[in-house]
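Asks: Each chain is listed here by its residues.
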Amino acid sequence: QGCDVDDPSSSSDTTGTKKIKLFGYLQPQFDYNFTDGDQNNTFKFRRARIGVRGDIYEDFSYYFMLEASPFIGNQSDVYLMDVFITYHADNWARISLGSYKQPFSLDLATPCFALTTIERAIVVDQLVTPQRDFGIGIFGGNKYNRLNYAVAIMNGSGIGGFKPLDNNTKKDIVGRATYRLTDFLTVGGSFRYGFPLLNDNESDRTTYGFEFLAELNKLKIQGEYIHDTGAYLTAAGGGCGGLDPVSLDGLTSDGAYIMAAYSVNEKFQPVFKWEYFDQNVDVSDIPGIYQERMTFGFNYFFNKMYRLQINYFANIETVTNVDNDQIAAQIQVKF
Amino acid sequence: QGCDVDDPSSSSDTTGTKKIKLFGYLQPQFDYNFTDGDQNNTFKFRRARIGVRGDIYEDFSYYFMLEASPFIGNQSDVYLMDVFITYHADNWARISLGSYKQPFSLDLATPCFALTTIERAIVVDQLVTPQRDFGIGIFGGNKYNRLNYAVAIMNGSGIGGFKPLDNNTKKDIVGRATYRLTDFLTVGGSFRYGFPLLNDNESDRTTYGFEFLAELNKLKIQGEYIHDTGAYLTAAGGGCGGLDPVSLDGLTSDGAYIMAAYSVNEKFQPVFKWEYFDQNVDVSDIPGIYQERMTFGFNYFFNKMYRLQINYFANIETVTNVDNDQIAAQIQVKF
Amino acid sequence: QGCDVDDPSSSSDTTGTKKIKLFGYLQPQFDYNFTDGDQNNTFKFRRARIGVRGDIYEDFSYYFMLEASPFIGNQSDVYLMDVFITYHADNWARISLGSYKQPFSLDLATPCFALTTIERAIVVDQLVTPQRDFGIGIFGGNKYNRLNYAVAIMNGSGIGGFKPLDNNTKKDIVGRATYRLTDFLTVGGSFRYGFPLLNDNESDRTTYGFEFLAELNKLKIQGEYIHDTGAYLTAAGGGCGGLDPVSLDGLTSDGAYIMAAYSVNEKFQPVFKWEYFDQNVDVSDIPGIYQERMTFGFNYFFNKMYRLQINYFANIETVTNVDNDQIAAQIQVKF
Numbered sequence: 001q002g003c004d005v006d007d008p009s010s011s012s013d014t015t016g017t018k019k020i021k022l023f024g025y026l027q028p029q030f031d032y033n034f035t036d037g038d039q040n041n042t043f044k045f046r047r048a049r050i051g052v053r054g055d056i057y058e059d060f061s062y063y064f065m066l067e068a069s070p071f072i073g074n075q076s077d078v079y080l081m082d083v084f085i086t087y088h089a090d091n092w093a094r095i096s097l098g099s100y101k102q103p104f105s106l107d108l109a110t111p112c113f114a115l116t117t118i119e120r121a122i123v124v125d126q127l128v129t130p131q132r133d134f135g136i137g138i139f140g141g142n143k144y145n146r147l148n149y150a151v152a153i154m155n156g157s158g159i160g161g162f163k164p165l166d167n168n169t170k171k172d173i174v175g176r177a178t179y180r181l182t183d184f185l186t187v188g189g190s191f192r193y194g195f196p197l198l199n200d201n202e203s204d205r206t207t208y209g210f211e212f213l214a215e216l217n218k219l220k221i222q223g224e225y226i227h228d229t230g231a232y233l234t235a236a237g238g239g240c241g242g243l244d245p246v247s248l249d250g251l252t253s254d255g256a257y258i259m260a261a262y263s264v265n266e267k268f269q270p271v272f273k274w275e276y277f278d279q280n281v282d283v284s285d286i287p288g289i290y291q292e293r294m295t296f297g298f299n300y301f302f303n304k305m306y307r308l309q310i311n312y313f314a315n316i317e318t319v320t321n322v323d324n325d326q327i328a329a330q331i332q333v334k335f
Numbered sequence: 001q002g003c004d005v006d007d008p009s010s011s012s013d014t015t016g017t018k019k020i021k022l023f024g025y026l027q028p029q030f031d032y033n034f035t036d037g038d039q040n041n042t043f044k045f046r047r048a049r050i051g052v053r054g055d056i057y058e059d060f061s062y063y064f065m066l067e068a069s070p071f072i073g074n075q076s077d078v079y080l081m082d083v084f085i086t087y088h089a090d091n092w093a094r095i096s097l098g099s100y101k102q103p104f105s106l107d108l109a110t111p112c113f114a115l116t117t118i119e120r121a122i123v124v125d126q127l128v129t130p131q132r133d134f135g136i137g138i139f140g141g142n143k144y145n146r147l148n149y150a151v152a153i154m155n156g157s158g159i160g161g162f163k164p165l166d167n168n169t170k171k172d173i174v175g176r177a178t179y180r181l182t183d184f185l186t187v188g189g190s191f192r193y194g195f196p197l198l199n200d201n202e203s204d205r206t207t208y209g210f211e212f213l214a215e216l217n218k219l220k221i222q223g224e225y226i227h228d229t230g231a232y233l234t235a236a237g238g239g240c241g242g243l244d245p246v247s248l249d250g251l252t253s254d255g256a257y258i259m260a261a262y263s264v265n266e267k268f269q270p271v272f273k274w275e276y277f278d279q280n281v282d283v284s285d286i287p288g289i290y291q292e293r294m295t296f297g298f299n300y301f302f303n304k305m306y307r308l309q310i311n312y313f314a315n316i317e318t319v320t321n322v323d324n325d326q327i328a329a330q331i332q333v334k335f
Numbered sequence: 001q002g003c004d005v006d007d008p009s010s011s012s013d014t015t016g017t018k019k020i021k022l023f024g025y026l027q028p029q030f031d032y033n034f035t036d037g038d039q040n041n042t043f044k045f046r047r048a049r050i051g052v053r054g055d056i057y058e059d060f061s062y063y064f065m066l067e068a069s070p071f072i073g074n075q076s077d078v079y080l081m082d083v084f085i086t087y088h089a090d091n092w093a094r095i096s097l098g099s100y101k102q103p104f105s106l107d108l109a110t111p112c113f114a115l116t117t118i119e120r121a122i123v124v125d126q127l128v129t130p131q132r133d134f135g136i137g138i139f140g141g142n143k144y145n146r147l148n149y150a151v152a153i154m155n156g157s158g159i160g161g162f163k164p165l166d167n168n169t170k171k172d173i174v175g176r177a178t179y180r181l182t183d184f185l186t187v188g189g190s191f192r193y194g195f196p197l198l199n200d201n202e203s204d205r206t207t208y209g210f211e212f213l214a215e216l217n218k219l220k221i222q223g224e225y226i227h228d229t230g231a232y233l234t235a236a237g238g239g240c241g242g243l244d245p246v247s248l249d250g251l252t253s254d255g256a257y258i259m260a261a262y263s264v265n266e267k268f269q270p271v272f273k274w275e276y277f278d279q280n281v282d283v284s285d286i287p288g289i290y291q292e293r294m295t296f297g298f299n300y301f302f303n304k305m306y307r308l309q310i311n312y313f314a315n316i317e318t319v320t321n322v323d324n325d326q327i328a329a330q331i332q333v334k335f
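If you're matching them up, the sequences are chains X, V and Y in order. The numbering of the first sequence is the numbering used here, which starts it at 1 and goes up by one. The numbering of the second sequence is the numbering used here, which starts it at 1 and goes up by one. The numbering of the third sequence is the numbering used here, which starts it at 1 and goes up by one.
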């Protein structure tokens with residue numbers, strides 16, 4: 001009949017070795033745009049994820065998460081997101097096969113439920129593409145080690161789309177390393193070399209980035225710079241529901257952000273972020289090609305599970321000011 | 001890597017404060033149509049839902065349910081259905097943000113697994129549209145209070161479709177209140193004012209309804225009348241997999257039903273429903289515009305989890321009789 | 001609001017009668033094709049399934065499994081796979097209503113996580129179509145009985161596609177019986193008679209098959225022959241993500257396989273399979289119409305939950321040799 005077994009009692013979530021952890025989080029949100037004329041506004045879901053994962057069992061573990069938000073992806077339906085099996089050979093060699101985030105950039109590596117602002121940096125959403133991919137990777141280090149590293153070989157065509165088989169015979173290589181210089185300062189760098197275009201084994205692309213994270217008591221400051229040149233698959237861009245992808249094929253692009261957050265107390269954390277993204281570094285700063293944005297906001301942690309995030313996005317025009325600011329309010333539960 | 005955390009043990013379904021409840025139900029069904037010539041018949045799923053929810057934790061709770069039946073919605077894939085976070089300020093003020101049913105009509109408010117007949121009333125499926133929406137709402141009262149009320153501000157464009165962002169800048173307001181007059185009689189009313197059309201902030205729509213519920217020992221009788229006028233988005237109509245939506249834009253429509261069920265014993269409950277739906281009250285009762293239906297059937301509760309429902313739908317033609325009756329048999333498990 | 005209940009405590013996964021079992025498995029995989037010129041290779045998921053099921057409760061049980069692999073099905077989204085409610089009248093009469101595998105062929109009946117090779121036999125993927133369907137069936141016998149049987153009446157149009165209502169008024173009948181002749185030898189046969197074409201109550205199709213399974217200590221040998229003639233719905237073919245369906249409408253096709261596996265020890269099990277599939281038995285063995293394949297490989301069971309499968313597929317051409325061999329490596333977790 002189904003993928004059944006003769007003896008249903010053999011699979012159980014009660015035995016010690018097979019403990020299944022159910023987890024997920026929800027981010028319902030309200031957006032309001034301060035535009036000329038009618039001002040768009042909507043209730044929506046930023047993310048709605050549910051998954052299971054298993055503890056390490058004889059050096060193996062698994063992770064299986066689905067995305068249910070109809071506002072992410074090409075379709076409005078539930079789809080497979082981060083799903084992988086990991087072999088824990090050693091603290092310096094955890095090998096994962098499946099689909100997961102490319103090991104590139106601190107902002108991308110931050111779990112979606114732990115982001116300090118509602119949106120990731122524009123440069124991360126537009127240049128670290130695809131953000132998720134199928135591949136094999138090796139991960140080393142933990143939070144107690146000064147050094148952490150990750151290297152992955154991936155399809156390069158992302159997890160979305162219609163039967164997303166790899167569409168060229170080349171693979172992409174992506175890596176990131178961080179080093180804790182002092183108790184409060186960690187620096188890092190990321191690198192990516194790949195072949196993004198469909199049915200094209202020639203056109204390549206090179207991306208690199210630098211990052212720092214300073215944690216001084218209640219103050220956290222982090223920043224990144226990312227540079228990208230070469231071929232670009234627009235369909236893979238735009239990040240996780242954040243932005244419409246732009247066409248950057250053949251251009252050299254860069255961008256950076258700096259973000260500061262201060263934990264006034266356990267519950268209240270104001271945050272400020274300044275960022276820019278330049279689609280084409282070879283031309284002067286044309287509006288629409290070069291963009292700058294400030295984000296003002298705060299996090300309010302009701303308790304361990306529930307959080308309120310309110311962000312004001314001030315888009316800065318270098319020539320003529322345009323009414324295109326936005327406010328977003330999000331409630332998150334993490335279970 | 002994924003939306004992972006450094007310390008996997010931090011998220012667990014075993015600690016008291018984070019208890020996750022898994023729940024859902026299945027409704028496999030067989031339909032047979034008594035039509036002229038070939039008589040369509042099919043095995044299908046009426047609904048197939050699975051979800052998780054969390055107990056109230058420091059005044060907050062969450063609810064996360066997916067629909068997996070390929071016979072509902074535009075696609076045959078799993079999608080997000082009722083998903084919301086609730087802040088329990090007070091018994092008279094529970095505030096929910098997310099996607100859920102519009103607070104309109106007793107029949108719609110009845111959970112899908114507790115419906116007395118297989119189908120909701122035609123008037124509820126055709127006039128309370130969209131049945132589910134994204135929004136924010138405030139809910140008051142419980143089953144021990146005489147008064148219960150709910151008011152919600154919602155997008156007005158439903159939960160289905162391709163990236164279902166709100167497509168006009170106006171919001172819809174929906175509300176319902178019920179009052180228990182005596183121990184056995186509860187009456188109520190619902191109201192809705194909205195802007196259903198895409199990219200249209202002018203065309204409005206007004207819907208209102210009245211309901212009663214009488215529970216006399218083993219007998220339950222309920223009835224509703226719903227009236228709707230103005231603009232209408234056909235794509236949002238048709239209820240939850242029950243009916244093909246009809247085009248009612250610019251028309252004034254109404255309908256009503258009365259349903260009686262008698263619990264012979266704990267297991268067996270026969271039911272009868274008479275209903276009508278008039279797509280256009282401004283013309284005489286033209287076949288196809290005005291429809292009447294009787295439903296005969298019963299519920300058989302094998303036990304707390306499993307239920308059998310058999311319904312015979314007798315469509316009544318006012319002019320010429322047409323062979324269009326239907327029988328449906330459904331098994332339900334609720335877990 | 002949602003499909004909620006007044007008293008959330010009434011549905012719980014902690015009470016004995018309502019114990020919900022969460023289960024599933026993941027099969028991330030890497031494929032490499034030994035073709036002329038560029039050699040296609042990809043990381044992907046073979047299957048990614050998650051579900052819940054319930055123990056027998058007052059003679060009833062349920063099973064609810066979703067498929068999340070974007071490499072199976074028409075869409076890249078999660079969809080309903082094996083979902084059914086079973087009434088356990090007797091060991092000789094278990095009645096299931098819902099969607100599940102057609103009771104035809106030993107290879108198809110083998111749960112996907114227990115297959116000895118990565119792929120099912122070509123003949124099973126191409127001739128037992130649709131592999132899954134909506135219907136009602138009766139199942140008898142268990143692993144201690146010599147005789148086991150299953151008969152199902154099914155829609156005949158499969159579980160995939162857009163609102164997969166049955167599209168003709170005829171139903172298909174499918175059945176299988178096996179008999180254990182001796183302690184080590186079981187033989188069986190399958191039969192199917194149906195009407196596969198859309199809106200066509202005339203064009204029929206007949207399929208039959210024979211199977212044997214010999215288990216001699218650490219050696220397991222099994223084989224099947226399947227024969228099919230008549231109308232054929234190409235859209236329903238191709239098996240579970242394994243093969244592109246071929247057009248067999250109006251043709252008589254057959255095929256067979258024989259497979260031997262030897263468990264060297266608890267962890268290591270080499271396997272060899274030889275198979276052929278003939279799309280049209282009425283013409284001589286034309287390349288592309290007649291195909292032969294050998295599969296060499298092994299299973300390595302790290303432990304009860306994790307397994308590695310490596311298979312080399314050697315496609316045998318009868319006239320001119322073509323470079324079209326393939327190697328596939330798969331890690332499986334079953335939880």
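Any given hint could be a false lead.
Just so you know, same-sequence chains aren't split out, so a pair can sit in one copy or run between any two.
As the list claims (entries may be wrong) - Here are the simulated DSS-like pairs of lysine-lysine, each with C-alpha atoms no more than 27 Å apart in a straight line: (1) K19 to K267; (2) K304 to K19; (3) K171 to K220; (4) K218 to K171; (5) K304 to K220; (6) K170 to K304; (7) K19 to K171; (8) K220 to K19; (9) K21 to K171.
Keep in mind the hints are simulated off the structure, nothing from the lab.
Asks: Run the structure past the numbered hints and jot down the numbers of the failing ones, going up.
Replies: 3, 4, 6, 7, 8 and 9
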